[in-house]
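Residue numbers (the UniProt record's numbering), protein chains in the order written: chain A, 1 to 224; chain B, 1 to 224.
Hints listed in this document are in silico derivations from the structure and should not be mistaken for laboratory results.
Positions of the beta carbon are idealized from the N, C-alpha and C atoms, including for glycine.
Watch out, some of these pointers could steer you wrong.
Derived Cβ-Cβ restraints for the label pairs, each shown as a range [unchecked claim]:
#1 216/B x 162/A: 44 to 54 Å
#2 87/B x 197/A: 43 to 53 Å
#3 91/A x 210/B: 51 to 61 Å
Taking lysine-lysine and the DSBU-like style, the derived pairs with C-alpha atoms no more than 30 Å apart in a straight line are [to be verified]:
#4 120/A x 219/A
#5 177/A x 35/B
#6 148/A x 177/B
#7 187/A x 188/B
#8 148/B x 218/A
#9 148/B x 188/A
#10 139/A x 218/B
#11 216/A x 188/B
#12 35/B x 188/B
#13 87/A x 219/B
#14 188/B x 73/A
2 protein chains.
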Amino acid sequence: MKDKYDVTKYDRPSVTVDVLLFTVEAGELKILLVKRNETPFEDSWALPGGFVRMDESLDEAANRELSEETGVKNLYLEQLYTFGNPKRDPRTRVITVTYMALVSNTEWKFKSTGDAKEAKFFAVDKLPKLAFDHTEISKYGVQRLRNKLGYTNIVLGLLPGSFTLTDLQKVYEIILKTSLDKRNFRKKILSTGLIVASGKKLEGIAHRPAMLYCFKNKKVVITD
Amino acid sequence: MKDKYDVTKYDRPSVTVDVLLFTVEAGELKILLVKRNETPFEDSWALPGGFVRMDESLDEAANRELSEETGVKNLYLEQLYTFGNPKRDPRTRVITVTYMALVSNTEWKFKSTGDAKEAKFFAVDKLPKLAFDHTEISKYGVQRLRNKLGYTNIVLGLLPGSFTLTDLQKVYEIILKTSLDKRNFRKKILSTGLIVASGKKLEGIAHRPAMLYCFKNKKVVITD
DNA sequence: GGCGTAAGTGTATAATGGACACATGAAGGA
DNA sequence: TCCTTCATGTGTCCATTATACACTTACGCC
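Start from the sequences and build out the full structure, keeping to the hints where you can.
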């Protein structure tokens with residue numbers, strides 16, 4: 001494998017990373033899109049991303065692009081899939097390694113201030129027409145996220161530090177597009193031992209205050 | 001995202017595909033390795049693979065490399081992960097998109113004749129020292145294969161056209177490194193409806209002949 | 001025809017998943 | 001202060017699924 005003697009003699013494709021940044025807001029699962037101001041697809045919405053530099057790993061590139069374009073840093077990033085259709089970029093051969101990341105509504109609102117480029121969250125089932133094959137990439141990522149809900153605690157990235165069980169349940173329901181039984185949901189979630197009651201309760205609401213919970217540790221793990 | 005005006009002005013990494021070709025033979029899960037006869041890692045064993053051409057997709061590249069180096073064509077190929085550590089190739093920046101494929105023992109024996117390059121199957125837990133980060137890639141692939149056994153019929157690629165339920169069970173046991181209960185295994189497998197009795201039986205053996213089964217269709221599907 | 005060998009089969013128990021309804025605690029207004 | 005409003009919080013029964021476990025059957029061979 002590899003070549004004989006000199007790898008530089010081969011034509012080389014360009015390599016980019018593109019990031020699906022998920023959040024849940026206003027009862028919808030959303031992803032971040034940025035407005036392109038260059039050809040091709042000028043003025044189209046696209047996933048945040050860009051070229052991989054020669055001295056950085058793919059994970060580093062994804063982290064860098066995400067923080068450059070959004071100001072959000074050190075999120076949990078997971079490699080999704082690599083798309084390499086020769087015609088996916090009309091200019092030249094571009095292979096893109098895609099990642100997904102999750103951010104809580106509250107955290108995003110804070111960190112997004114001061115970003116120059118136009119960037120906006122869109123509900124995943126009301127996406128505008130996207131540049132390149134980004135529509136396909138988005139669908140793939142949403143599907144992956146749905147699957148992962150079933151056997152990991154990946155959802156922790158979408159929630160703030162403390163939250164009620166009802167909040168948590170809503171996030172599941174929004175992503176899975178189903179409604180869940182409250183008692184069964186709580187039983188199952190608590191039986192994993194991954195979240196613990198903080199002891200504090202919601203205050204200032206006109207009904208019984210809910211217990212606030214938090215994740216025991218902030219690492220994504222497989223739960224079964 | 002992307003660049004301004006001219007993508008060709010950026011340094012570009014080389015991109016390869018590497019393929020983990022699994023088989024089960026002599027009671028062990030094995031992968032195909034080829035002997036390198038170029039630097040770096042001359043005389044080391046490595047995964048079959050090579051550079052992605054400018055006019056082919058990643059899937060096509062994986063298929064091509066696999067058939068060039070082994071003579072086996074049109075196997076089920078699944079993209080695994082993309083490895084892009086800047087130092088993984090000592091020559092220059094090389095990003096590799098990895099795939100896994102499965103071939104049955106019997107099919108391989110037929111098609112492998114006439115291959116020039118030295119190629120050999122090695123048990124996955126007795127691998128020699130491999131070139132580049134191929135040891136890590138192999139581990140990742142084995143793990144993925146194990147996981148997929150649980151919720152897909154991916155194993156069909158490892159078996160010939162017809163097989164006994166005992167054969168099938170052995171393949172599961174070898175890959176998962178556990179022993180399974182015969183009755184429970186048969187119940188579960190048959191309840192998926194994905195395999196059917198062919199009506200024929202093994203002949204010429206000194207004990208009760210086993211029914212031969214085959215997969216109803218040859219597509220990999222999710223079973224739950 | 002008796003032996004060796006792997007095939008083939010059922011049941012009882014435990015664990016899991018899903019359906020389902022009512023009392024509780026706080027705020028706010030009468 | 002008492003009554004209303006509203007989301008919280010909790011337990012049981014049933015169905016399904018997973019697991020443990022042992023003997024009879026069919027064939028070749030000697």
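Now the hints, each set against the structure:
1. Taking 44 to 54 Å as the suggested C-beta distance range, the pair residue 216/B and residue 162/A conforms, at roughly 50 Å.
2. As the Cβ distance of residue 87/B to residue 197/A is approximately 46 Å, the hint placing it in 43 to 53 Å holds.
3. Range check, residue 91/A to residue 210/B: Cβ separation about 58 Å, and the 51 to 61 Å hint holds.
4. For the hint linking residue 120/A to residue 219/A, the alpha-carbon distance of about 27 Å falls within 30 Å, and the restraint holds.
5. At most 30 Å may separate the alpha-carbon atoms for a hinted pair to count; residue 177/A and residue 35/B exceed this at roughly 51 Å.
6. Distance restraint check for residue 148/A and residue 177/B: the Cα-Cα separation of roughly 25 Å lies within the 30 Å cut-off, and the hinted pair is therefore satisfied.
7. Only pairs whose Cα atoms come within 30 Å are accepted, and residue 187/A paired with residue 188/B is accepted, the gap being roughly 28 Å.
8. Restraint check: the Cα-Cα separation between residue 148/B and residue 218/A comes to about 26 Å, which is no more than 30 Å; the hinted pair holds.
9. Restraint check for residue 148/B and residue 188/A: the C-alpha separation of about 24 Å stays at or below 30 Å, so the hint holds.
10. Among the hinted pairs, residue 139/A with residue 218/B is consistent with the structure: their alpha-carbon atoms are about 26 Å apart, no more than 30 Å.
11. With a C-alpha separation of about 36 Å, the suggested pairing of residue 216/A with residue 188/B is violated against the 30 Å cut-off.
12. Between the alpha carbons of residue 35/B and residue 188/B the distance comes to roughly 41 Å, so the proposed pair goes past 30 Å and is violated.
13. For the hint linking residue 87/A to residue 219/B, the alpha-carbon distance of about 27 Å falls within 30 Å, and the restraint holds.
14. Proximity of residue 188/B to residue 73/A is assessed by CA-CA distance (about 46 Å); at most 30 Å being required, the pair is judged violated.
Checked against the numbered hints above, the structure breaks hints 5, 11, 12 and 14 and satisfies the rest.
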